[in-house]
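Chains X and Z supply the protein sequences, listed in that same order.
Under this note's numbering, residues 1 to 412 are what the first sequence spells out, in order.
Under this note's numbering, residues 1 to 412 are what the second sequence spells out, in order.
These are calculated hints, taken from the structure and not from any lab test.
Hints may contain errors.
Put simply, identical chains are the same to the list, so a pair is met inside one copy or across any two.
Cross-link-like lysine to aspartate or glutamate pairs, in silico, EDC-like; alpha carbons within 20 Å at most [stated by the list, open to error]:
#1 Lys213 to Glu267
#2 Lys70 to Glu59
#3 Lys106 to Glu395
#4 Lys47 to Asp179
#5 Lys412 to Asp242
#6 Lys213 to Glu185
#7 Lys218 to Asp326
#8 Lys202 to Asp19
#9 Lys106 to Asp94
#10 Lys202 to Asp191
#11 Lys202 to Glu307
#12 Lys190 to Asp211
#13 Lys213 to Asp191
#14 Lys412 to Asp369
#15 Lys202 to Asp221
#16 Lys190 to Asp355
#17 Lys106 to Glu91
Remember, it's a predicted structure, so these values are computed and weren't measured experimentally.
There are 2 protein chains.
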Amino acid sequence: MQQVGQQARAASRLVAQADTATKNCALEAMAQALLDSRAALQEANAKDVAAARSNGLDEASIDRLILNDKVIDGMAEGLRQIASLADPVGEISDMSYRPSGIQVGKMRVPLGVIGIIYESRPNVTADAAGLCLKSGNAAILRGGSEAIHSNQAIAACVQAGLRAARLPETAVQVVNTTDRAAVGELITMKDYVDVIVPRGGKSLIARISSDAKVPVIKHLDGICHVYIDDQADLAKAITIADNAKTHRYGVCNAMETLLVNAAVAAEVLPPLCKIYLDKGVELRGDAAALAIVPQMTVATEEDWRTEYLAPILSVRVVGDLDAAIDHINTYSSQHTDSIVTENYTKAMRFLREVDSSSVMVNASTRFADGFEYGLGAEIGISTDKIHARGPVGLEGLTSQKYIVLGSGQIRK
Amino acid sequence: MQQVGQQARAASRLVAQADTATKNCALEAMAQALLDSRAALQEANAKDVAAARSNGLDEASIDRLILNDKVIDGMAEGLRQIASLADPVGEISDMSYRPSGIQVGKMRVPLGVIGIIYESRPNVTADAAGLCLKSGNAAILRGGSEAIHSNQAIAACVQAGLRAARLPETAVQVVNTTDRAAVGELITMKDYVDVIVPRGGKSLIARISSDAKVPVIKHLDGICHVYIDDQADLAKAITIADNAKTHRYGVCNAMETLLVNAAVAAEVLPPLCKIYLDKGVELRGDAAALAIVPQMTVATEEDWRTEYLAPILSVRVVGDLDAAIDHINTYSSQHTDSIVTENYTKAMRFLREVDSSSVMVNASTRFADGFEYGLGAEIGISTDKIHARGPVGLEGLTSQKYIVLGSGQIRK
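Take the sequences, apply the hints, and build the full model.
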């Protein structure tokens, strides 16, 4: 791993200086290589899937592992989309003249070497390679052991793309060992790795955060809330609360807890819960919610802290906006929370006081996403406050330096 | 320390919501309290100074410890300047409409709880309290044991200011123990501390970085360079190189190594080195520099890696811009580096390719400073790439969250 680190550091200097056309050329060539290598990719993938089955991996995990035509097309398309995004590197902003006569501003620069540690989905290999390259960084990718053959086959396409653009192949290195110690080394190589982005379950991220000696951009869980205010437009409220929960169940920006103002609970909960029940969503409510919708079971303290990622919803009736904000700031995972209200002052208070990476007014939590926000692809959604927060796209993988343009000024 | 942490976390919620007028009122009241408590501050300080003398502390350290009238006036003035800065909290930027109809942008938010660990200068207590408060954060301050009485006396003034503005006194807590274990706890209390800013010598920062479980904004050493290009205006070059080295010796943005293009070395080094020698600057050069200025001693490999903070300068003659950039990216501490040139292309290459927190063209490295950049006061100069880079003012002590304004939109 030390050698991988050294190579990445050396490559990072070249990638940081690569111009936009060169990087885009590599991304296009990677996309083409993936499409041209469909057979080889699926052959490698078949080995992983067979091993997963004989190791008794569950069906959901096997499903995430499979590289079918659609997934391969998606990887290629993703790389082409990254090529079409504006290059963040070298972007100059905030230039202003100071009284001394110097002109000061900022220039966006790559972070250097990014380590990405992820679980079964092999398509992350292509996405992460593309995002790191376009943002001018070298990448060290460490996928799950169950996807080792698929990841190596994708790596070959990535490397072909780098070669085609005359960039160093070490700009993206896919670690080809399933040895767990490699992760331990990767997250402590301060000299060679500038930041770690773990993508995976809560336990993976907790383990990495606790052992890392290198900064970690964390994507934790999504316990997202929708609060229906007493001054909500109830038609909007029902549509948003329905979409936030039922559009997709297994995603981090799905609503897990619905908060309803007591003054409108009796009016809004019956029609809304009928929608949920018709769609097979299990409802767990507090006493006040239960009194209105008897099909609910009793929610426990544990429910408020749970990311179901499933057709289950906890429902709580709250007295006012303060109680809603208190609940959210206590139980939310600081991912995404939304208020439905027509009241200006309450909307502004919610925006200001809810301490989450995305805070919304009259919109579904499902919008918390790099594409929906216009960032293009994302490497994850950060629930940290340090460095990057919310969807992390190209900008989140860069830093800024100050630049000073003078004409001979000295400090008096 | 756990209790200090809990109190800080609770206070941080209130400070984050405090309006600008309230925070400014507290800052003004703190400044007034410092001026009104001059006698008490100096009495407390006298205890520290006496103890320092009897413990045999060196004169430079004792000098930094002393709270004379000028230092007290400076602390009060600093707090008033922070009051006059724009409030970063709640600032909304980059709002744009997306095809879905939602409007997405960012809102600047406090980080939460900031732990600051610093060495002897007690005036840091007032500066740090002011910056953290204005940026909407709660602060836990841990000063040097040699300044314990001074820091507690300053803390009393800070607390009086918070009380006057009806803000919780726990918004700024000055740790009143000299127990070293307190630092160990502070930098590992992930639940209560969002970021640590160490201010002090290299060994303090190295120790904290290696033990911290909380993100650290590092201010490391300043091995700053000036490169005089063969297409430099030599009059500008001499003025800048003189100022960068001799304006102040003990500061992190002073030049420590001068790089000179071989084509102009024989012309520029003699008059420039005469200035240095007249000012008593010791010169250490490579063979080529020595051949031109025989008063130099021979620079060793160690010299290129040394932050002298003293009237010593290492000088190296380089063949071209590439060699200059290579030297800087190898030996610079990524603090501040400057090129003197009239050539557009070389200026742009230097700006782009030098990987330091401040990169300058035709200006003295001494400008790398929060006030000179228009940020107002700073808590330090970050040589990290993660989160904040360069002078860290109010903005560096904040994060951003995404805000979404909708009118009932759902994800299709």
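Hints versus structure:
no. : hint             : result
1   : Lys213 to Glu267 : neither (53 Å within a copy, 48 Å between copies)
2   : Lys70 to Glu59   : within (19 Å within a copy, 72 Å between copies)
3   : Lys106 to Glu395 : both (14 Å within a copy, 13 Å between copies)
4   : Lys47 to Asp179  : within (19 Å within a copy, 58 Å between copies)
5   : Lys412 to Asp242 : between (64 Å within a copy, 12 Å between copies)
6   : Lys213 to Glu185 : both (10 Å within a copy, 17 Å between copies)
7   : Lys218 to Asp326 : neither (24 Å within a copy, 34 Å between copies)
8   : Lys202 to Asp19  : neither (37 Å within a copy, 36 Å between copies)
9   : Lys106 to Asp94  : both (6 Å within a copy, 17 Å between copies)
10  : Lys202 to Asp191 : between (27 Å within a copy, 17 Å between copies)
11  : Lys202 to Glu307 : within (11 Å within a copy, 43 Å between copies)
12  : Lys190 to Asp211 : both (13 Å within a copy, 13 Å between copies)
13  : Lys213 to Asp191 : both (10 Å within a copy, 18 Å between copies)
14  : Lys412 to Asp369 : between (49 Å within a copy, 13 Å between copies)
15  : Lys202 to Asp221 : within (7 Å within a copy, 37 Å between copies)
16  : Lys190 to Asp355 : between (31 Å within a copy, 17 Å between copies)
17  : Lys106 to Glu91  : both (8 Å within a copy, 19 Å between copies)
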